[in-house]
Amino acid sequence: MYKFGTLNSEISRVLSRLGHTDEIVIADCGLPIPDGVKRIDIALKEGTPSFEEVYEELMHHMAIEQVVVAREMVEENEALYQKVKNDFPTLEMVSHEKFKKQTRHAKAIIRTGEATPYANIILKSGVIF
1 MYKFGTLNSE ISRVLSRLGH TDEIVIADCG LPIPDGVKRI DIALKEGTPS FEEVYEELMH
61 HMAIEQVVVA REMVEENEAL YQKVKNDFPT LEMVSHEKFK KQTRHAKAII RTGEATPYAN
121 IILKSGVIF
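Using our numbering, the letters of the sequence shown map in sequence onto residues 1 to 129.
No lab work stands behind these hints: they were computed from the structure.
Treat the hints with care, as some may be off.
Each pair of labels, with its calculated beta carbon distance range [as the list claims (entries may be wrong)]:
#	residue 1	residue 2	range
1	Gly30	Val74	13 to 23 angstroms
2	Glu97	Asp22	21 to 31 angstroms
3	Ile64	Phe4	10 to 20 angstroms
4	Gly30	Lys83	16 to 26 angstroms
5	Ile64	Thr116	31 to 41 angstroms
Simulated crosslink set (DSS-like; lysine-lysine; CA at most 30 angstroms straight-line) [claimed, not checked]:
#	residue 1	residue 2
6	Lys98	Lys45
7	Lys83	Lys45
8	Lys124	Lys83
9	Lys85	Lys45
10	Lys101	Lys85
11	Lys100	Lys38
12	Lys45	Lys100
13	Lys107	Lys124
14	Lys38	Lys101
15	Lys45	Lys107
16	Lys124	Lys38
17	Lys124	Lys98
18	Lys38	Lys107
19	Lys85	Lys100
20	Lys124	Lys101
21	Lys38	Lys85
No residue lacks a Cβ here, since even glycine has one placed at the ideal position from N, Cα and C.
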């Protein structure tokens, strides 16, 4: 068993296989998941686990080069937007419709129990050197 690291075997497997610019999505429980994209459903009940719990865990274990969020997050989920903006000042913002289309290219979408609006993010893998 891991002494350190995420205990979810599916998330661990995806993280270990990421290459430069590959994408993972952290999604609220309402984001549609495109056919053909790996779904890692860790939602237990409304709010559990939260977007922020999963976000913090991935931030701890993943080299992240860039993030993408829906522009609507600014007004509809300001607290979350401010947190992400603080972590990634150069974050990319797109319309929610474009965001959903972009998720088709993700290596995996992690579905959380989050039930607040626009609590979704695309994490683009960086490199560690």
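Now for the hints, and whether the structure bears them out:
Gly30 and Val74 have their C-beta atoms about 18 angstroms apart, which keeps the hinted 13 to 23 angstroms range intact. Between Glu97 and Asp22 the Cβ separation comes to about 23 angstroms, which falls inside the hinted range of 21 to 31 angstroms. Roughly 19 angstroms separates the CB atoms of Ile64 and Phe4, a value that falls within the hinted 10 to 20 angstroms. At roughly 20 angstroms, the beta carbons of Gly30 and Lys83 sit within the given window of 16 to 26 angstroms.
Range check, Ile64 to Thr116: Cβ separation about 22 angstroms, and the 31 to 41 angstroms hint is violated. Simply put, Lys98 and Lys45 have alpha-carbon atoms about 28 angstroms apart, close enough for the 30 angstroms limit, and the pair holds. The hinted pair formed by Lys83 and Lys45 meets the criterion: a straight-line CA distance of about 23 angstroms does not exceed 30 angstroms. At roughly 17 angstroms between alpha-carbon atoms, Lys124 and Lys83 fall within 30 angstroms of each other, so this suggested pair holds.
At most 30 angstroms may separate the alpha-carbon atoms for a hinted pair to count; Lys85 and Lys45 meet this at roughly 27 angstroms. In summary, the hint linking Lys101 to Lys85 is supported, as the alpha carbons are separated by about 22 angstroms, within the 30 angstroms threshold. In summary, the hint linking Lys100 to Lys38 is supported, as the alpha carbons are separated by about 15 angstroms, within the 30 angstroms threshold. Restraint check for Lys45 and Lys100: the C-alpha separation of about 23 angstroms stays at or below 30 angstroms, so the hint holds.
In summary, the hint linking Lys107 to Lys124 is supported, as the alpha carbons are separated by about 10 angstroms, within the 30 angstroms threshold. Taking the CA atoms of Lys38 and Lys101, the gap is about 15 angstroms. The hint holds against a cut of 30 angstroms. With a CA separation close to 24 angstroms, the supplied pair Lys45 and Lys107 stays within the 30 angstroms bound. A C-alpha spacing of about 16 angstroms is found between Lys124 and Lys38, which places the hinted pair at or below 30 angstroms, so the restraint holds.
As the CA atoms of Lys124 and Lys98 are separated by approximately 16 angstroms, the hinted pair is consistent with the 30 angstroms bound. With a C-alpha separation of about 6 angstroms, the suggested pair Lys38 and Lys107 falls inside the 30 angstroms cut-off, and the hint holds. The suggested pairing of Lys85 with Lys100 holds, with an alpha-carbon distance near 20 angstroms, which does not exceed 30 angstroms. Annotation: proposed proximity of Lys124 to Lys101 holds, straight-line Cα distance about 15 angstroms (limit 30 angstroms).
Straight-line distance between C-alpha atoms of Lys38 and Lys85 comes to about 27 angstroms, which keeps the hinted pair within the 30 angstroms bound.
Hint check: a violation occurs at hint 5 only; the rest are consistent with the structure.
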